[in-house]
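Chemist: Can you build the whole structure from these sequences, using the hints too?
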Amino acid sequence: MLLVVYLAYGAIAIGLVSWLARTLYANGALFLEEVFPGREQLAAAVNRLLVTGFVMLNLGWAALLLRAGEPADGAAAVEALALRLGLLLITLAVLHFVNLLVLAGVRAQQRHRHEVPVRPDLWVGAA
Amino acid sequence: MSDARSPDVGGLTVFSDPASPFCTWWCGWLRAQPLLVPLRFLPVGGPEAQARLGVLGAGAELVAVADDGRAWTGAAAFVMCLWATARHRDLATTVRLPVARLGAEAFFHALTANRAILTRLIDSAPAPQPSRP
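From first to last, the protein sequence lines are chains A and B.
Going letter by letter, the first sequence gives residues 1 to 127 in the numbering used here.
Going letter by letter, the second sequence gives residues 1001 to 1133 in the numbering used here.
It is worth saying that the hints were derived from the structure and are not from the lab.
Certain hints may be false.
What the hints assert, rightly or not - Cβ pair distances, simulated, as ranges:
(1) A/97 with B/1114: 39 to 47 Å
(2) A/23 with B/1117: 48 to 56 Å
(3) A/57 with B/1005: 37 to 45 Å
(4) B/1051 with A/112: 40 to 48 Å
(5) A/31 with B/1005: 24 to 32 Å
No residue lacks a Cβ here, since even glycine has one placed at the ideal position from N, Cα and C.
Modeler: Structure follows, in structure tokens:
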């Protein structure tokens, strides 16, 4: 019974992480090209690094979550599986949104790069 | 009158206190930087400061004035000086974030409040060398 739970968990965890990583990679490319305008190679490198970090972090976290006691019956086994997958998904979601927020912050900064960073305190006569 | 956020400052005139060794050091450091915006350095008590800044010029620590008349004082002037440099413009741009703005203000006030200590440190350190003679 335990082996079945572990196998199912392993398969779903790896499947989820790789599917999410591919989605992030595909959609992140466009987003990052806008964050780093005119620097496509840098954008691609950052994208790959982000996805690599994402996969490492999540497979590591999935491995840590794996440890479970012997489930008493089928229901307990499903519960154990659901609890771990739920925790894993919520972690993925939180990380994903933090990642998006950081990139959106960088992008907002870039948009304002050609403006003066602080409002003038006052106006005096022109030179 | 141009927009408050417009980057077309022309040049920036930096009014600082020539009696303060720290201000002198800061202007020297700025002169040694590669600049994106031309800077002019004038004393706060000078005739141009009086003509352009009026009463403000007398007690100010640091004032930056754009050619179109926009003026920044204190920490904002400090940020504008950084913004004028090629190397530190990105750092100055982060000041749009409230956290960075507070950080810049705290840094500037720490500098001005500890001027005496900094002056002693600067006196014992070699002066920055300008990149162009």
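Chemist: Output the numbers, in ascending order, of every earlier hint that fails for this structure.
Modeler: 4
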